[in-house]
Every structure is written in C-alpha cells, then in structure tokens.
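What follows is the residue order along each chain.
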Amino acid sequence: MTSYPTTWRRPPQIVTDRRWRIALLVAVLAYLVIGLGSVEVNWARIVEGGERGMRFVQGFLQPDFTSRWKDISNGLNESLTITLTSTVVGVAISIPIGIGAARNLAPAWVYYICRSIIALSRALQEVIIAIFLVAMFGFGPFAGFLTLSFATIGFISKLLAEDIEDIDEAQAEAIRATGASWLQLVHYAIQPQVMPRLIGLSLYRLDINFRESAVIGIVGAGGIGGTLNTAIDRYEYDSAGAILLIIIAIVMVAEYSSSYLRKFLQ
Amino acid sequence: MLTLTNLTKTYRTGDKALADVSLTFPKGQVVGLIGPSGAGKSTLIRCINRLVEPTSGKITLSGTELTGLPPRALRQQRRRIGMIFQEYALVERLTVMENVLSGRLGYVSFLQSFTRRFPPADIERAYRLLDRVGLMEQADKRADALSGGQRQRVGIARALSQEPELLLVDEPTASLDPKTSRQIMRLLIEICAERSLPAIVNIHDVPLAQQFMQRIIGLRAGRVVFDGPPEALTESVLTTIYGAEDWTAMRKDGEADRAAEAEAVARLAALTA
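Which chain is which? The protein sequence lines are D and S, in order. Everything in the first sequence is counted per the numbering used here, starting at 846 for the first residue and increasing by one. Everything in the second sequence is counted per the numbering used here, starting at 3 for the first residue and increasing by one.
No lab work stands behind these hints: they were computed from the structure. None of the hints are false.
In silico contact screen, one side only, chain D against chain S (beta carbon under 10 Å); selected entries:
| id | residue |
| --- | --- |
| 1 | Asp1013 |
| 2 | Arg1021 |
| 3 | Gln1038 |
C-beta: ideal position from N, C-alpha, C; glycine also.
For reference, chain D alone in the conformation it holds in the complex (with noise of 0.2 Å):
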C-alpha cells in the first residue's frame, strides 16, 4: 500500500525560485524605509496647523448658511447648470465617438481617430484641462462646461465602446442576415443592448460632474468652487462648512436617485 502527503501547501504562482521571492521582499521592505525616511516633516509646522484644523472643524459644527447665502446660491446655481449641461453635451458626443472606437463596429482607422480622441482627453485631468481653458475663455462658468464636457468624453466613450465590444454577437448577427443596414444594426442590436448601462453610466458621470465643478472652481472656471475657495481665502470657515454640508448632501442625493433609477433599467 502506498502512503500519500497528508500536508499539501499551494505552490507560488508568481516568483518560483524562494532565494528570489526572498531578494524581492528584502528590496521592497528597504525601498519603503528609506522612502519613508525621505518624507521631511515639520513637527512645528503640524502643531500649528492642528489649531487651524480645530477652527475649520468648529466652522462645520457650526455652520454658516446665511451671511454669504446669495454668493453660495449663485455658486450653487451655476454648478448645476454647469453639471448638467456638461453632461447633456458630453454624452451627446460621447455616443458617436463611443461606437466609433468599437472594434466590433467601426473600421480601423476610425477605431484609431476615436481611440485617440479618448486617450486625450483621459490623460489630461480636469483641474489641468479647467487652468487651461480658464487661459483661453476667461473666468467663468463656460470654461467649467468645456472642461467637464471634455472629461465627460473620455469617460463615457471609453466605457460605452467597452461595453459594444461586450454584446452578445449571436443577436448582432442575427439582425444582420436580415439584410439590415449599419445603421439599423447599430439601433436594433446594439443599442438594445447596452441602453441600460448608459442611462446608468450618464447618472454616474452626472454625479462626478457636480463633484468636479466644486473642484474646477477653485481654478476659477465658475460655480460653487469659486465660492468655496473665496470663503477659505477670507478665513470664512463658517461658510465654507456651509458650502461643504451643501456639496455632500447634493452629491448623496445624486447618488442614491441614481442607484434608485439604475434598479429600473434592467
């Protein structure tokens, strides 16, 4: 009668040879402390700012909605505007491009025109893209909507392509041998399918559009980042709380009606 192991350990996946995967682990630890070791920290510098911190703090647990209420209405007003016409303009052109840099639907050389189209505008964050465009157009709100109509591309036609290349090709071909056109194609078997995750996704890019508005602001491209960022500067802490109770509530809501709404798609 044979005997077999009764200890069985998983063998490593990654590194197999142990003197590596040991040189390995050394060289990280050692990266890690001495990289840790590089980070200057001004002791004096923390303790003085754990007091403004404290202030910042005390401003939020008592929050000043009234004094500045017509600046942060104002603010508030033209971030929604910005939001959603971002959105609205963004997915609009989102959609072509989107189906455009579909493998599975667009030749080439259109799959690499829009492909490019996409890689742009996600490698250029939006603060960037906001500084930008606040150089070209002036301060104000327009140079808000270009920036998140540009971020809103990116981010919908990457993920709306993804999701073409994802269908089930079985319906596409059947609409096909119908002698159906491209166009037909595109409305009858695709869009059926990835409709769903579109609404969804706009609702998602709707949220991060206000969330982002709040930031681009900062760099003076309009809306309530502006108010935020002059509420700061003056020492307002009390108003800026204000501002900020105001963006997380707004941005809750936006979420959970968007979740709320994605339930009923499928």
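Based on the hints, put chain S in the right spot on chain D.
For chain S alone, coordinates are given in the frame of chain D:
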C-alpha cells in the same frame, strides 16, 4: 434553387472548415446537415448568406450569384434568406413584435425602422405569423420574458417575416428539451411544406434528423461524405460521418444507461413487492 460550387473556407488560423463542397438544393426540399462538431456545418450555412466570407467557390440562389456581391447588393440578397439560430438570437430587450418586425429591416428605410413606423402590410404579416406560431398574446412582451420554445417560435416568425426563398436553420433544437425540440421541428417542417420553402437544417440529433428530413447530408472535416435519403443512413454511414470510435462509444454509453435503468427498475420492483 440554391447551388454551391466548389465552396471552400479556410479560416485565418489555417483551419480548413470547408473543402470543395458542391451541392444543389431544389425548391421545397428540407435538408438536414449532420456531422460531428467542427465538421463545418455552421460555417457552411453561414457562408450561404455570407455572415462568414467563403475563401473560394460560388454560391448561386435562383440565378443570382451571392459571392462577390458588394455590401448593398448583398444586403438586398440577404432579405431572400431567412435564418434561425441555435440560441434563438432574439434581441432580448426588444418586444416580441419588434423582433418579428426586425425581419423587415432590409425592406424599410432607417427612419421608418427608427420610428417603428413599419408599413401596414408588414405589421399585418407580423401578427399573422405570430398567430401561426401561437404567440398572438405575447406580442408586446419583451423577448427575454419568454420560455425557450416560445423564443424559438419568435425566431421562426422573424425569419418568415422576411418572406424568404430559403431558410437557413442552425441547430434549432440544441438548447431545447426533447419534447419542445420535436414540437419546434414539426412546426418548421409544416411551415416549409405550406410555403414549399427549402430549408437547410444543421442538426446534432441523428434520430431527429431521420424523423423529419427529406434528405440528409453528412459532413466530416469540411467534406461531404454522405448525401441521400434518411433511410440510407445506416450504421456504416454514420461511422463514416462520425468516426468509428465516437459512434460505438456513444452506442455503448446508451447500452450502459439502459442496463443501469433496467437494474434500477428491478431493484425498485423488489422493494415495493
């Protein structure tokens, strides 16, 4: 009448799916295409409406050569060929009616199909076909709300709404239970007889093919190795199609199953006695 002349398909990977296939399908004939997986059955029927582009050879459908047609002309010819799929291939999120009407896409403009304003004759035909396949009540349901057998009926109605001159049927019963399979096959055969519509049916199930087909073509490794009436499909012919080992193994499995079943019945009888 459909004629295939020296049809060959070599995939880019180098797999030769079809080698020099020449066949003629007269009007009104229902032909079963049998053969092991990978024999080229699916490729053969997809070459006919050029969902798969043949490498060489000629396909002629009542006088019109389909090979080498430019895209627009190809789309017009595809309208003459209805296709029914293995996993139904309905657009799941569209309604049953939209799926049936999608058979008319080749006949209407994009705007008409976009606004769902199909000509009255198309709508009437769609209702008539739904009634024929027994799904009148389900017209406004979404396709994914139906059972497998019902979905395949919608698939049949969609293909027929093209008013085709030829039906290509790819494993119509592969995802259905035995009883539904027989119902679907019977429906297909009846419909083909009503319209004297020729059909090419890929089919895995040899007994089902023998029961329903007028003519059987056996494919093996991309070549036609049998072409004749179902009665001529003897065991030695099945061996040429499926290969000796596979075939006997299948038989033995069947015997083993039957033996096990008989044993179980005997044991149960002993228990209840």
